[in-house]
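Student: Take a look at the letters that make up each chain.
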Amino acid sequence: MDDSSLIAPVLVAFREHASRTAVIDRSGRTATYGELDRRSLEFAGLFAANGVRAGDRVGVPMAKSIDTIAAFIGAMRLGAGFVPVDHSAPSVRNEHIFDDCSVALRCDESCQPDGSSDPDAVTVGPDDLAYILYTSGSTGMPKGVPLTHRNAASFVSWCVRTLRPEADDVFSSHASFHFDLSVLDLWVPLWTGGTIALVPEDVGQDPRRLPGFIAERGITNWYSVPSILGLMVEFGALDQHDLGRLRTVCFAGEVFPLPPLRRLREALPDVRLLNLYGPTETNVCTWYEVPERIESGRTDPMPIGSACDHCTVGLFDDANRPVVARGEVARILARGAPVMDGYWGRDPEETPSLVMIDGERWYDTGDLGAWDDAGMILFRGRRDRMVKRHGYRIELGEIEAGLDRHADIQEAAVWATEQAGRVVIHAAVVPQGDAELGVIQLKLHCASALPAWMSPDRFQVLPVLPRTSTGKIDYVGLKAL
Amino acid sequence: MTTDDIRDKVRSFILEEILPGEQPENLKDDMPLRTSGLIDSMGTIRMTGYLESTFGISIAAHETGVENFETVDAICTFIQGKLSG
Chain A
1 MDDSSLIAPV
11 LVAFREHASR
21 TAVIDRSGRT
31 ATYGELDRRS
41 LEFAGLFAAN
51 GVRAGDRVGV
61 PMAKSIDTIA
71 AFIGAMRLGA
81 GFVPVDHSAP
91 SVRNEHIFDD
101 CSVALRCDES
111 CQPDGSSDPD
121 AVTVGPDDLA
131 YILYTSGSTG
141 MPKGVPLTHR
151 NAASFVSWCV
161 RTLRPEADDV
171 FSSHASFHFD
181 LSVLDLWVPL
191 WTGGTIALVP
201 EDVGQDPRRL
211 PGFIAERGIT
221 NWYSVPSILG
231 LMVEFGALDQ
241 HDLGRLRTVC
251 FAGEVFPLPP
261 LRRLREALPD
271 VRLLNLYGPT
281 ETNVCTWYEV
291 PERIESGRTD
301 PMPIGSACDH
311 CTVGLFDDAN
321 RPVVARGEVA
331 RILARGAPVM
341 DGYWGRDPEE
351 TPSLVMIDGE
361 RWYDTGDLGA
371 WDDAGMILFR
381 GRRDRMVKRH
391 GYRIELGEIE
401 AGLDRHADIQ
411 EAAVWATEQA
421 GRVVIHAAVV
431 PQGDAELGVI
441 QLKLHCASAL
451 PAWMSPDRFQ
461 VLPVLPRTST
471 GKIDYVGLKA
481 L
Chain B
482 MTTDDIRDKV
492 RSFILEEILP
502 GEQPENLKDD
512 MPLRTSGLID
522 SMGTIRMTGY
532 LESTFGISIA
542 AHETGVENFE
552 TVDAICTFIQ
562 GKLSG
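So the sequence lines, in the order shown, correspond to chains A and B. Take the first sequence: its letter number 352 is residue 352 in the numbering used here, and every next letter is one higher. Heads up, the numbering used here is the position in the second sequence plus 481, with the first residue counted as 1.
Since the hints were made in silico from the structure, they are not lab data. Where a beta carbon is used, it is the ideal one built from N, C-alpha and C, also for glycine. Watch out, some of these pointers could steer you wrong.
Straight-line alpha carbon distances no greater than 35 Å define the calculated DSBU-like cross-link-like pairs of lysine-lysine that follow [unchecked claim]:
#	chain 1	residue 1	chain 2	residue 2
1	B	K509	B	K563
2	B	K490	A	K479
3	B	K509	B	K490
4	A	K479	B	K563
5	B	K490	A	K388
6	A	K388	A	K479
7	A	K479	B	K509
8	B	K563	B	K490
Interface residues of chain B toward chain A, partial, derived using beta-carbon atoms under 7 Å [what the hints assert, rightly or not]:
#	residue
9	L500
10	E503
11	P505
12	N507
13	G518
14	L519
15	D521
16	S522
17	S539
18	A542
With the sequences and hints as input, model every part of the structure.
Tutor: Written out as structure tokens, the structure reads:
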């Protein structure tokens with residue numbers, strides 16, 4: 001398996017599987033490998049005609065479609081990287097992203113190649129950029145995580161070894177393309193002649209319709225955040241659908257609470273259930289296969305498991321010494337082929353999350369873990385002000401920055417609590433002068449200033465924010481309100 | 482159940498679960514809820530469960546779209562249709 005290029009195995013699949021179905025789009029329309037090959041070449045031609053060259057970036061603010069995938073491949077055929085963004089996010093956020101990585105071209109739905117130009121193929125190197133995924137940043141502006149061909153191919157190659165896909169497999173594409181779960185959804189089938197089934201957005205968020213969709217499309221490999229699976233178990237009447245083709249269910253992005261996972265295990269006794277772990281910066285770096293039977297006395301969530309064979313994962317204390325003792329809570333660090341070299345436009349030497357230990361550069365995930373008795377890593381929460389909701393990484397500071405953009409808000413503080421396994425985001429706001437702030441008004445502001453998944457669940461209007469003795473916002477005091 | 486009873490129950494769910502802290506008079510019955518971002522898909526799922534158990538009705542997945550859930554008025558009309566149908 002080629003571990004140095006994300007695109008080369010796709011080009012091989014185009015030749016070997018030309019008549020097989022590569023993509024089923026949201027409406028059920030299909031494209032074969034041969035058609036995707038031609039369409040991606042047409043996009044490459046359009047990009048080249050618009051001045052895109054090897055080493056450039058192409059911004060793709062498009063909804064999920066066959067063309068969007070063809071555009072990603074088209075960019076890589078020119079040796080350029082693609083930058084997928086949330087097409088429904090406020091345009092100011094997407095414009096910031098495209099400015100930050102100075103895209104050579106924004107490829108939106110109006111970009112319709114006519115196949116009139118035939119670009120020269122470019123062979124990419126392992127250190128060339130494949131794509132940039134932007135994640136929530138604490139300063140209020142998203143940060144670019146550039147993944148090279150080596151980073152991405154190392155991960156996809158691990159997936160192929162682990163999932164052992166075949167050409168008649170159908171992979172769900174539930175996550176948005178700007179979200180790192182989509183890397184598995186897209187490139188594992190495209191490397192192996194399988195089919196990508198794009199999940200329509202309205203179906204994707206409706207746990208009652210998903211099981212029917214999985215059955216209808218004949219999906220064999222499902223991948224999503226646990227919260228969707230939990231809702232599917234609760235509301236989806238799994239026993240009333242024929243899910244017999246389903247072989248593997250992967251989940252990642254947040255902790256899967258044990259009660260719904262237990263019910264999923266019982267509902268799908270013959271299906272492999274894989275817990276994948278890793279921030280965007282590392283692709284997936286640990287994995288755990290849920291056993292056929294979850295022991296009845298267990299109450300803790302399942303481990304995130306052990307390191308994937310394409311990288312090294314360790315637990316370290318605050319002095320960067322390895323922690324081997326069982327149960328001791330320590331920082332989770334990763335290094336190796338799937339791990340990014342540094343954030344876009346930032347010096348790795350100046351990046352606090354990249355740490356040198358004994359001559360090796362490690363990425364500090366910001367997560368805490370502990371070894372269990374079986375030598376697996378247990379997830380023990382976050383160190384900083386980041387939370388995960390519905391699988392999305394959210395820097396609470398980015399929500400505060402979004403609220404601060406409201407003309408009538410003088411100051412805002414955001415914190416998160418957990419209620420019955422559900423992350424609830426709270427915001428306290430101090431109005432400017434005599435301004436009156438209502439919950440509806442605040443929610444509407446958030447809908448225009450932030451992606452929907454960042455909007456707080458609870459608002460309080462306060463005359464002042466509580467402060468600690470050093471003048472910092474007193475989050476402990478706020479939580480107690 | 483009267484029209485007012487239905488309206489009270491729908492409004493109190495939205496005010497208590499989705500918009501806690503908002504003054505009831507600020508929630509207008511013709512205010513867009515879904516397309517404006519006031520209620521997201523998770524909120525709709527929770528509301529569907531509440532409406533089913535409160536009114537003893539069954540709501541199909543395809544009925545939870547914007548056409549029935551965009552405003553308090555639309556939700557009330559939808560429930561009335563269910564109860565009389």
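Student: All hints, please: hold or fail.
Tutor: Going through the hints against the structure:
Between B/K509 and B/K563, the direct Cα distance comes to roughly 23 Å. Compliance with the 35 Å bound is thereby established for this hinted pair. At roughly 30 Å between alpha-carbon atoms, B/K490 and A/K479 fall within 35 Å of each other, so this suggested pair holds. Our distance criterion of 35 Å between C-alpha atoms is met by B/K509 and B/K490, whose separation comes to about 15 Å. Between the alpha carbons of A/K479 and B/K563 the distance comes to roughly 42 Å, so the proposed pair goes past 35 Å and is violated.
The hinted pair formed by B/K490 and A/K388 meets the criterion: a straight-line CA distance of about 32 Å does not exceed 35 Å. Our distance criterion of 35 Å between C-alpha atoms is met by A/K388 and A/K479, whose separation comes to about 18 Å. Between A/K479 and B/K509, the direct Cα distance comes to roughly 31 Å. Compliance with the 35 Å bound is thereby established for this hinted pair. Distance check on the hinted pair: B/K563 and B/K490 sit about 15 Å apart at the alpha-carbon level, within 35 Å; holds.
The interface hint given for B/L500 is met, as the beta carbon of that residue sits about 5 Å from the closest beta carbon of chain A, less than 7 Å. Below 7 Å, beta-carbon pairs count as interface contacts, and B/E503 has one with chain A at about 4 Å; its hint therefore holds. Of the supplied interface hints, the one on B/P505 is violated, with its beta-carbon coming no nearer than about 11 Å to a beta-carbon of chain A, more than 7 Å. With its C-beta approaching chain A no nearer than about 5 Å, B/N507 sits inside the 7 Å limit, and its interface hint holds.
Restraint check, B/G518 versus chain A: the minimum CB separation of about 3 Å is within 7 Å; hint holds. A least Cβ separation of about 5 Å between B/L519 and chain A falls short of the 7 Å threshold, and the interface hint therefore holds. At a threshold of 7 Å, the smallest CB-CB gap from B/D521 to chain A is about 6 Å, leaving the interface hint in force. Using the Cβ-Cβ criterion of 7 Å, the hint placing B/S522 at the interface with chain A is satisfied: the shortest such distance is roughly 4 Å.
A hinted interface residue such as B/S539 counts as satisfied when its beta carbon comes closer than 7 Å to some beta carbon of chain A; here the least separation is about 11 Å, so the hint is violated. This hint holds: B/A542 has a C-beta 4 Å from the nearest C-beta of chain A, less than the 7 Å allowed.
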